[in-house]
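Asks: Sequence:
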Amino acid sequence: MKRFALLLLAFAGLMSACSKDDPVPQDGPLTPDSPEGREAVTIPDEFFRTYLLKNFDLDRNGELSRYEASLVVRISCPGNIILGGDAYISDATGIEACTNLHYLNLTGNDLTKLDLSNNKLLDTLDCSMNYKLKSLDISQNKNLQQVHCYSCSLEIDKWDLSANPELRDLRIGGDGYYSFSTISVLDCSSNHKLENLRAGISQMSELYLDCPELTSVDLELNNLSSLDFSNCPKLVTLNISQNKLTHLDLQCPDLDLLRCESNNLTAIDVSNSPKLNVFYCNNNQLQGLDLTNNKDIEYLRISDNEIQNLDLDDLLILKEFDCSNTEITSLQLSSPELTQLVCTNCNLQKLNLSNVPNLRTLECQNNNLQSLDLSNLPNLYALTCYENQLETIDISNNPELRGFFCNPMETLKTIYMSEGQEQLLRAFEKPETTEVVYK
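Mapping of the sequence shown onto mature numbering (1 follows the signal peptide of the UniProt record, and there is no 0): residues -17 to -1, 1 to 422, in sequence order.
One or more hints might be untrue.
Stated by the list, open to error - Beta-carbon label-pair distances, calculated as ranges:
| no. | residue 1 | residue 2 | range |
| --- | --- | --- | --- |
| 1 | Asn380 | Glu189 | 53 to 59 Å |
| 2 | Asn63 | Thr14 | 45 to 51 Å |
| 3 | Glu189 | Ala146 | 17 to 23 Å |
| 4 | Thr95 | Asp143 | 19 to 25 Å |
| 5 | Pro382 | Asn214 | 50 to 56 Å |
| 6 | Asn380 | Glu320 | 17 to 23 Å |
| 7 | Lys258 | Glu412 | 17 to 23 Å |
Derived by calculation from the structure, the hints in this document are not laboratory data. The beta carbon of each residue, even a glycine, is placed where N, CA and C say it ideally should be.
All chains should be modelled from the sequences, with the hints used to inform the complete structure.
Replies: See below:
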């Protein structure tokens, strides 16, 4: 009897030590027959519920149990593509029960908030084009490798992504020319595995990077006044056009594409990027440009700058070149691969085209040219050369020419043509003082 009393006292002490509010411990994963496993998940959104039941209601009882939800690893329900009609999900409540979810695609829906704090195994997220999406919680998703949430209305002033150390692919900002997010500061300094960053068309004014694996960056149309890529040695493509940059320091030996047009740059050093193939630096305040270490450039735009001289002798595979609206007075081109040359509205007095036999398009209007030798351009297709000081133009050696615009030009006295080129005169009104001579 005494022993029984002692057992009762011990049991009472154990019960008093456990509050009625303490959580009931769960032994292992949910099972289909356990009370917790059979509990129905609350899914208030009609369209989200329809999708989940259609794909994951294993016993077809018209409810999604917590056990069934725990088996879901992939959800792909973009806009009305899956459900048809005008079916747009506006509430993702219920997704928290999908604790083993790895992949989530809810693009093009009507969400205003998305809380993924309970989906700790998630590695891929695409919630782009939810134009009303203001709140996104991925602070507990340390396994995330891809996050696409462009064309949303995220109300995040400073976004620190240190909680997502596995991130490799990040795409935020706007779509087309529209941005809805208010992200002004983006901190990726802890995302050392990041490879692709696309954050164009937003209001970003500060960006912090320490991403040695980064290969592709698009920051077009932001408010960035400075950038540091010193810890991004593997960059291959970089688009930072239409920002407020005044200087640019690049130590990127593998850089292939650089777009930095429409900034406030006064100088650019690309000498450490010998593999550069596409280089657009137009619409800046550049006074000079050294390309002696960039022999692989094929596409070059330097228009709308203050450049007076440019050495292109080493650019032997150059295909397209635009230097319009600069102060350049002479051009010596050496690339037999050149097909397009735009040099309008410069101070050109000389233009040597003897080494560019494959040129197809030439726009050299609004210059001070007194002579123009086209004899070595058998493939020339379009020529625009009005507003120069030319007295003669000879197009008789250009059998492929289909577009010819040389008016107005008060100094022009003679146009030399071949038989069959008469149709070229129909594109403009020939001055009465200009004679046509057939050769």
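Asks: Look at each hint and say if it fits the structure.
Replies: The hints, checked one at a time:
Distance hint check: the CB atoms of Asn380 and Glu189 are about 57 Å apart, consistent with the given range 53 to 59 Å. Taking 45 to 51 Å as the suggested C-beta distance range, the pair Asn63 and Thr14 does not conform, at roughly 36 Å. Separated by about 19 Å at the C-beta atoms, Glu189 and Ala146 satisfy the suggested range of 17 to 23 Å. Remark: the range hint 19 to 25 Å for Thr95 to Asp143 is upheld by a beta-carbon distance near 22 Å.
Look at Pro382 against Asn214: about 55 Å separates their beta carbons, and that is inside 50 to 56 Å. As the Cβ distance of Asn380 to Glu320 is approximately 20 Å, the hint placing it in 17 to 23 Å holds. For the pair Lys258 and Glu412, the supplied restraint of 17 to 23 Å is violated, since their beta-carbon distance comes to about 48 Å.
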